[in-house]
Amino acid sequence: MTDHLLHLHGDVLAAMRRGPRDFAGLASALAEEEEPDDTEQGRFRDRVAGSGPGDELTALWHRTLTAWDLAEQANWSAAPPRTDERRADAYDRLGFGAGLRKVLDHAVPVFKEPGPTIISTTPTSWYSRDTAAVRSFYWTAYEQLLRRKGWSDAAVAGLDEASHAVVERLADPMRPDAYGARGLVVGYVQSGKTANFTGVTAKAIDAGYRLVIVLGGTLNLLRGQTQRRLDMELIGQENILRGADPDDPEALIGVDYQDDEDWPEKFVSHRGRPSTLGAFDIERLTTRDDDYQSLATGIRALEFDKQVRTQPLHVPDNLHRAAARVMVVKKNKSVLSKLIKDLKKIGDPLLSEIPTLIIDDESDQASVNTTDPKKWEEGKVTRTAINRQISELLGLLPRAQYVGYTATPFANVFVDPGDGEDIFPRDFLISLPRPTGYMGVQDFHDLDRTDESAVGSAERAHVRGIYGDAHGDRLAEALDAFVLSGALKLYRAANGVDDGPFRHHTMLVHESVGVNEHAVLARRIRSLWEKAAYTSQEGHDRLAALLAADFQRFADDGLPTPTGYADLKPHVSRARQLINSGGTPVLVVNGNKEQDYEQPDLDFDRTPNVWKILVGGTKLSRGFTVEGLTVTYYRRRTQQADTLMQMGRWFGFRPGYRDLVRLYIGRAEPASRTRTVDLYEAFEAICRDEESFRAQLTRYATLVDGKPQVTPAQIPPLVSQHLSWLKPSARNKMFNAELVEIRSPGEWVEPTAYPTAAADLRHNAEVWRPVLDLLDAGPVTLPREVPDGGLGNGFEAEIGTLDHEALLKVLCELRWSVPSQFSPHLESLLSAGERADGIDDWLVVLPRQTSSRRVEASFLGSRPLSLAHRARRRGDLFGAISEPKHREAALRIARANDAASPPGDGSPASLARERRGVVVLYPVVEEKPPAVSPAGAIAPERLVMAFGLVAPRSSTVPQGNLVRFRTVDTTRENSVIIERGAGRS
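Numbering (my numbering), first residue to last: 10 to 994.
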């Protein structure tokens, strides 16, 4: 039966390509005679209100409203994206009443998750939404495939938005003059970057790019994985078959994927050769099993047929009729040499006419030039092999756009921006948002906890520390966890949970980079496996105990979990059989030889079930997707943050089993004869650095007067380092620049780099001591403000006021373990003090503890103060110092929050002034219990006077930049200069 309402709404929305318009008017104009009632809002409202899963009309509006919600540029609304105000503007333009709005908001909530962060030289406009809609053959096919795979409308709309943001920053493929943009896209480890660059490729070839070169890793396996993904989700069956009859076995000889378990059902189909459907074909120059080869037929495979031979390829009449060429090549000197040789055979003018897209997957690996500039010949840059070949490709193809993809961007942003032939992202840097459903740092690290002696909920649920204590190295326990988690997956599959994500079940053991050590470790695991006796009563008793003590405690309430081991026991037997299939539970994957990656038991695409323990090193980290990874055993040290982050294979998507994920990680690994390192702490440090990097990018992405505050060349100063032994990247990849000033009005600033020397601690205590005498005699209660607008339980504090100049004097005299951490913020406060409209005074807040376990002490003759216990978690740096309720009150007082504060004495709002900031003091002790004398005093040498502050919004310079940088004086080697006041608005 024809769904008239669906068809009418489809026609109406198709006419709204440029944004929402009067729905009733369009519906009346487009409705057929037999559809008059379909134009009424009441029928539409009732349909949506009563719809269930799978209703096509609701799905149509879900896609449409979400796309309007997320659109970064909307000519029809001044409201920002992802807001209720943007949605209300859409409803207003549609002419929808309150009843229909309520029903639609319930069915399609406003998607408020953050979008991509874009740092760009100048905004571009050639690739508008209208332009994209006119030619969208391959993007539409890709979008439909993602929906069939179960992607939500919000996820598809987010990918659409992010990939559009990349393509619009490439050069127009039809522009008369050649320009090659350089960009970088930053994602998270194993977070779906491939999906983004597949979307970018689809949109780019739709728009006119006719040669796509994907640099797909340094191993055949990684290159083949990327080729398969593009073939399956973008290129499609018809372009792979190239006219061959899929039902004729002889015609399929030499056509790949005939042995692939997912062929052809899961490969996109265009329902015919694209060139016969008004689009264009894609010709593959590489296949799943074959990397780029020198073309036996000369260079004809790279020649493009022109409809108008007297015109260049990039003119519309030629471009949109030509087939696209796609190749996925390994970052290998020999392979790239063949490609460069063939391109040189073509020569000008054709090479200068080809709009080309080069996508560099894992662009911080092999692509970056790591030669020592001090060893270069004068006036000549010496390049590493792959970097030189990429530079040569870009030179041969003047219309080539280079887009790097990585989860660890530091090496890329440290590339010399002055080297015009290198891969520095001079045009744009895009940071992708954390995807919905992604299991990342927040799931393993409790970044906000203040009680360092307590284990946070994330650590409790997923992390199992290896200390070398009475628990030993816990490898046998990790094997038990692997068997048990596998059995729980089978139990869930038998109880209605989709078993697709359970097809593969793996454990990763990563202790060292040594090939010999891997072999020894594999033998030990096999021995432990044999001794585990999983078929004996002893083995079952041990697994039952682990189930009760660990997995049942942290099980997801929304997923089936057995109440007792007896229900799980049959699945334990099956899990053991799957893991031991082929006679061994262990595979060694260390990259000693390429064939190590071609083991049938390691082929996640062609093997129905990979249930194995993988032992390896570096090659099991960078770019290699370990499907079904559930248990990780990690003890390897490294001194580079980006290298360490790439080893975090436990990050990723874990649908149906994220509660089963366990990380066994070294907490006291030997670093020298006298020193150990905590690898869990190291991961937390670099995760904090990375989150800080992303947060600052987000903050500085806002344009000021239509111009960017920060260009890609100024990104390196935003890279931080929290552990002295863990550099952001290798030394030969780092670029010298320094951030001088960060203006943070209305934002919480919390230094953590306090000194450790007794003399410095005493000095800081003496500096703060006079401020304590300015506090009022009695405490006040600062209530918390609850969502309904009232006041809830708060906290006691002593308060007082201090003028701006007095606070500056205190802050300027403080000593730090890492002065550069706070100095950019101090510079901002000094700048504010130089302006008449800056900051008048500061409210000093000293929280008081009220629990029975509180400890109070005086120092240097002060009144008794509540001491806060905190610990240094990353070398000399503390973790979180402040408490959420204190930050909330400070932000309210400094008028940092937009919501109105409730009236009445005692509320934070009653303490607010237009040009008043807030500083919250924390007398911190590291010892537990603190060394308080019988007289109730503590030595200032044992006290860390910590603080956090919020500058008032009034200290913002109107339309001014939020950052200022030091610049390198190239005439004075290794010197850095800055003039205070320079660069200020």
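There's no promise every hint is true.
Only pairs whose alpha carbons sit at most 25 Å apart, straight line, appear in this in silico SDA-like list of lysine to any residue [said to hold, decoys possible]:
| # | residue 1 | residue 2 |
| --- | --- | --- |
| 1 | K202 | F662 |
| 2 | K894 | R922 |
| 3 | K350 | D298 |
| 4 | K354 | D186 |
| 5 | K111 | T140 |
| 6 | K937 | F804 |
| 7 | K158 | P123 |
No lab work stands behind these hints, which were simulated from the structure alone.
Checked hints:
1. K202 - F662: holds (12 Å)
2. K894 - R922: Status holds; Cα separation ~20 Å.
3. K350 - D298: Distance of about 22 Å is within 25 Å: holds.
4. K354 - D186: OK: K354 and D186 at ~23 Å, within 25 Å.
5. K111 - T140: violated (33 Å)
6. K937 - F804: holds (23 Å)
7. K158 - P123: holds (23 Å)
In summary, the one numbered hint that this structure violates is 5.
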